[in-house]
Amino acid sequence: MRKNLLSLFFLLLIPGLLLGQSNFKIKGKVTDAKTGEPLIGANVLLKPSNLGASTDLDGNYSFDVPGSLAKGQEAELTASFVNYRKKTAAVVLDGKDITRNFALSEDIFQNEEIVVTGIASKTAKSVAEVSVGRVAASELSTINTYGGLSQLVSGKVAGVQLTTSSGNIGSGWRFFVRGGGGLNGDEQPTIYIDGTRIDNAELNFYGTGGQGISMLSNLNPNDIDKIEFLKGPAAAAMYGTNGSNGVVLITTKSGKLISGLSQGLSIDYKFNYGFNQQIYKYKTSDFISADDANRQFQTGPLREHFFSATGGGTFLKYYASFENRNEVGIMPSNSENRTSLRVNVTSVPTSKVSIRLNSNYVNNTLYRPNNDNIIFGFLGNTILRPKSFGWVGEQDLRTFSDKHQINQFVGSANVNYRPIENFEVNGGIGIDNSDYTETRLFPFGVNFGGLIKQGQRAIYNRNNRQFTYDFNANYSFTLFDIINVRSTAGGQFFNRILRTSNVTGEQFSSDLITSMGAAGVISGYGENFLDEKQGGIFTEHSFNYLEQYFLTLGIRRDYASSIGKEAPVITYPKASAAVRVDKFGILPEELNLLKLRVAYGESGVLPTTTDPIPLLWTAATGGYGAGAVLANIGNASIQPESVKEFEVGVDAEVMHNISVEFTYYWQNAVNSIVGMNLAPSTGKTASSVPFNIGSTKAWGFESLIQYSPIRTAEYGLDLSLVWNYQNNQVQSLGGAQPIYDPFNNNVIKEGLPKHEFYTLISTGPKYDATGKYIGSIASTDRVDLGSPIPNTTGSFTLNFRFLKNFNLYAFAEFALSFKIFNDTKLFSSRFGNNPTYNLYRAQLGLPAAAPDVAPNVTPLTPGTPEYNAVAEKYAKLDYVYSGNYIEDADYLTIREVSLSYDFTDILNEFELMTYIKYFSAGISVRNLARFTKYSGADVEYNSNGSRSLSRGLDFLTLQTPRTVNFWFRIGL
Amino acid sequence: MKKNRKYLLLIPIVAVLSFACNDYIQNVDPLITQAQDELLNNETQLPFLMTGVKQRFSTVASQISCLADLLSDQMFYTSDNPQASFPTFEEIDKGQILLDNNSNRGMWRVLGELRFFADDLIRRTNSISISNAANKNAALFTGYFYGGIARFYMAVYYGLAQTQPGGVIDAGPFIPQSQMLDQAIANFKSAITSSAKDADTRIVNSFIAKAYLVKGDFANAATYAAIGMAKGDADFLALYNDVSNIYYWGFAGKGRVQIVVDNRMNDYITADPKEANRIKLSTLKGTSGKTYYFQTKYPDKFSNFPVMTWQENNLMLAELALRGFGSGNALALVNEVRASHSVGPLVIIDLNGVLTERDKELCFQGDRLIDENRTGKWHLAAGTWQYLPITSDERNANPNLK
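One line per chain: the protein sequences are A and B, in this order. To convert, note that position 185 of the first sequence is 290 in the working numbering; the numbers rise steadily by one, no gaps. To convert, note that position 211 of the second sequence is 462 in the working numbering; the numbers rise steadily by one, no gaps.
If you're looking for bench data, these hints aren't it; they were derived computationally from the structure. None of these values were measured; they are calculated from a predicted model. A hint or two may mislead.
[As the list claims (entries may be wrong)] Mimicking DSS-like on lysine-lysine, the simulated pairs with C-alpha atoms at most 27 Å apart in a straight line are:
1. K628(B) to K531(B)
2. K978(A) to K345(B)
3. K345(B) to K628(B)
4. K541(B) to K492(A)
5. K230(A) to K139(A)
6. K548(B) to K536(B)
7. K345(B) to K871(A)
8. K191(A) to K361(A)
9. K492(A) to K345(B)
10. K978(A) to K877(A)
11. K361(A) to K457(A)
12. K227(A) to K361(A)
13. K558(A) to K536(B)
14. K191(A) to K457(A)
15. K981(A) to K345(B)
16. K558(A) to K508(A)
17. K548(B) to K558(A)
18. K653(B) to K854(A)
19. K345(B) to K877(A)
20. K230(A) to K361(A)
21. K152(A) to K230(A)
22. K192(A) to K130(A)
23. K978(A) to K492(A)
24. K139(A) to K361(A)
25. K558(A) to K531(B)
26. K541(B) to K558(A)
27. K492(A) to K536(B)
Put together the whole structure using the sequences plus the hints.
Put into structure tokens, the structure is as follows:
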């Protein structure tokens, strides 16, 4: 290891050695073709080497080239800049200085931007054969502020739904990509940061009612340069198993090439101050105890400092950042304090080699409140019953703490080597190592019901190590002198090692000492370990004929430790093609881009590590000691689920200011792993038994329309609309019984979409012989009551630059055909906290649901039309049948609004620009307003967190807050 | 094309990676929390397996008894109780139990496990080589005895319909109560052949007597009760500790009171304060201000749970004597039980009197439901569930129940 580090050190020194040789210079200027204005920060690269530079404040660039490279050959000099079309010029390297100027045209919709289209392939978006979702994170961060990755991604990518589970700071969230892939797994995409597959777990070891902590909350969004989304097997097949729900590729910022090492430094500081506040106020017309509930909310402040230093020269560039974010939620006992440090370095030691090192360390401390399905929760103690704090006193509630401490290191090293012309080798190693400790404390002397009086402290430790290894080689050549071919072969391996341990102590003798050693009783303990590996080899071949026809064929063979003892091979093929119709010369000039594309790919979802083992026993402890009990019932012949996807799409650009992207997709999953629940009388119920017997299909479309009607020096207007439709259906469970969530409402059932609400409802009232109401009539069978996952989603974006330096940004999201189970309302009715429910009972002459809640009304006479009308309405509120409380939840949320001003011009007037490069400030509001049919507090709910079978469950869940931010950025 | 020979460089890369994959993927460290079934086919693992059976028995014993008490007239559920929130308990209390009642589904699952663990222990013990006969007998005793208890529980607590008691084994057809009790008795008798201790044998005999009593076979009941537990024998307990808690504590006790005790149990104490020695109650206030009682017989989460006692055997002997079977003196037997709690003697006893004594002596042990059903004294309206229903999980997955 030490030897390797030394080698790496000397490798990084090579640039210095090279500088000592006889060099020549390449220099010039990059300008806007329309205005002639210099373009600051444009990149100029010499190919096939990795040498280049960025332009300075006057648009000039300059870099040295070692004399050893000058052999009189031709090379390509390419200039590129964000939102501009790149240009390439041929140069002859003969050892003499070269001057080349570039005038670049605007590329409003970034069609010339290079996007990732596979594990080892990238191309300009204008010729991509698959739909690739993009989030221009670094651009968004300049006009808005984001607390985490979820806020950055939400609603921005066509075909991708992102739902948070609650308003907890650090709460988990869930992707639903296109039609949700197949039946298996957690439906989550695989996420890579700079080539490292990262931990996307929701941690929820000790329950606080339902919500977990997302490991993705550790990521500092200010560090992200861009996010690319390969949405399904058609694009992600070469990522192999677990690519069926798509692949998210996050690229963090890198150093910028600025002429000359001494000038290559830019320092950026951003300060953000704001607060979180309650949006929805509980109303006494809905809950008798509404005021008690509203009293639990607070305005939570947030402060964020972000520094970054960017720079570099010809051979070395770097990006370093520091972030501290301190945020308090709208409920007591909920906060986050995140400190992040990142250093990214790119080195070009020789013209044939480039090395990129990325490293990020995060220390994150979160506090999570009790809520949801727990009697110690703030909402559970205030809006369930007309008389609050029946379980725990108001002040006692606030003494509880659930602390999460995370130390995470994510790093990667990637090497690109070009030993011979047209041949390159890439290798990468990524590490995600996290230590996580949860400490839950019920303080000594505080009365948490009868369960805990003398205190309880519980500690859970988790160490997760993930290693990603990538290797690939590419060779480009020309076939028959007219077809450009790029062939790739490589491998990818992944290893995850997880260790956990936990211990719970109770009955402390004193409130002074809370260490586990002072516990009178150890009431819980455990340990776990998991070592899993996956790997695959692949080869992919791309053909480009006259820059008009594009074809890619690929195949991947995968292996995994969770697929039986012999690690059988699974094969995933892919094929994609595109045609640039606009290059045929038959279309009107106004249609400056028209591309048709089609793609097919296969991927899969792995079984769990224990699925292939027929019978596993574990130890259960109790009054007799530790004894053997069943832990898992598996199936030795289990295989991964296979997910196939076909997509067809069109990309067009009209008059350079209207862009349309449309994709239709169709997914089919076969061999889906369905857990067959054996009859409990067999005694084998520790788990369901996995079989490859299921199948599903999903289909839908995603579209993105962008329009830039105004683009002048003073004004600019960009509008965009994302509109998605998805549908899916479980086709077969192979004879297995429907699978229900723990609340017995969401179902996986043949003929229905996944997670559909499928339960009993009341169809009407039941009367006795005298006409008196005696209960409701239940539906004879369960009823399809709609989906907790919207069929239709989308967003509107407006970005308006006015008076040159003002920028107004607004972003709204909507969802249609969407249902939520209002279990909060169900229980409040049952416990007499629902005034309407109480009124009906009184009118029907029924006993009050709780003491002192009956309104003073005269009971109606049984048998009269008035009585029966009330009975009809009351029956629909019968809490025995949960379907009565499943509601429409379509919504429109004004998600982000920001107004910012760039003071740079003013500073120029005062000649402050000698010291300050730029200064901008703004105000932004997240979740400004919500419009919905739903009667509860929020629609972004799932009481059981983000990884449970339950979906769309509102049970005493904390609403998402409105967040107001005031910020400024200054560049030195 | 000549220059394209560099393309061949890709071939060795693919080949090397292909060979490396298998080796790399299979080289993982084993699980530490779980063991494969075949590894337990060893004499040294028998104590681990036996403890597992007992562990699952303790999971079942207090839980099934508490739910049975809730269904009987000994305990009830009220939403006036500020600690109560489980609708599933309300269904059980009213005997209007949906087949997918979650509390009952969990109960039926662990009862199925107890039966399977016990039977599997017998199968495994008989299929492996065991050098020490005592080890083999201990394992067989454990398997047969707890397998018998599992069958007894199914027979007396579960039903296919509201008044059709019985259970199911291994996804087979419904087994009516009488046949299920025969299976339980056969298991108990097999356990006796492997019993190493007389005290254990007497416990098993008391269970056999109890099974015959429910069957209405009073002659055999009397035979086995006569050789069952005797005064001075230690209670046969389900054991709990701080990790694995007695169900009553967390759902009907000091931990959390969701299920309260019927007022008539307090009436016994009002009539004779000494009854508080065996009917242990405490009070809580409802949201209406009304006073409710809850049991404190099991005051701690680690309190052990009596499943069979010499007192119960005495009361069986007394009942059987009054029914004309056995040679016991019913009044003396009952008074011996009362004296063990310092409760004064009775001067007269009849069958109803024995049932009342059972109500008090065996309170919060799951026996009241058995007595209500076997004596035809059901307290709810006709058409209500007199047993816990065999669950929807079983009915859906068991082709023999369709």
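Results for each hint:
1. K628(B) to K531(B): holds, 24 Å
2. K978(A) to K345(B): holds, 25 Å
3. K345(B) to K628(B): holds, 16 Å
4. K541(B) to K492(A): It holds: about 15 Å lies between the C-alpha atoms, which stays within 27 Å.
5. K230(A) to K139(A): holds, 23 Å
6. K548(B) to K536(B): Within the cut-off at roughly 19 Å; holds.
7. K345(B) to K871(A): Holds, at roughly 18 Å.
8. K191(A) to K361(A): Holds: K191(A) and K361(A) sit about 17 Å apart, inside 27 Å.
9. K492(A) to K345(B): holds, 25 Å
10. K978(A) to K877(A): holds, 14 Å
11. K361(A) to K457(A): holds, 20 Å
12. K227(A) to K361(A): Holds: K227(A) and K361(A) sit about 21 Å apart, inside 27 Å.
13. K558(A) to K536(B): Measuring from Cα to Cα gives roughly 19 Å; hence the hint holds.
14. K191(A) to K457(A): The given pair, whose Cα atoms are some 23 Å apart, holds under the 27 Å limit.
15. K981(A) to K345(B): OK: K981(A) and K345(B) at ~22 Å, within 27 Å.
16. K558(A) to K508(A): Holds, at about 20 Å.
17. K548(B) to K558(A): This hinted pair holds, its Cα atoms lying about 20 Å apart.
18. K653(B) to K854(A): Holds, because 19 Å separates the two Cα atoms, which is no more than 27 Å.
19. K345(B) to K877(A): Measuring from Cα to Cα gives roughly 21 Å; hence the hint holds.
20. K230(A) to K361(A): With Cα atoms ~23 Å apart, K230(A) and K361(A) stay inside 27 Å; holds.
21. K152(A) to K230(A): holds, 20 Å
22. K192(A) to K130(A): Status holds; Cα separation ~20 Å.
23. K978(A) to K492(A): holds, 25 Å
24. K139(A) to K361(A): Roughly 25 Å between the alpha carbons, so the hint for K139(A) and K361(A) holds.
25. K558(A) to K531(B): With a Cα-Cα distance of about 22 Å, the restraint between K558(A) and K531(B) holds, given a limit of 27 Å.
26. K541(B) to K558(A): holds, 25 Å
27. K492(A) to K536(B): holds, 13 Å
Of the hints listed earlier, there is not a single one the structure fails to meet.
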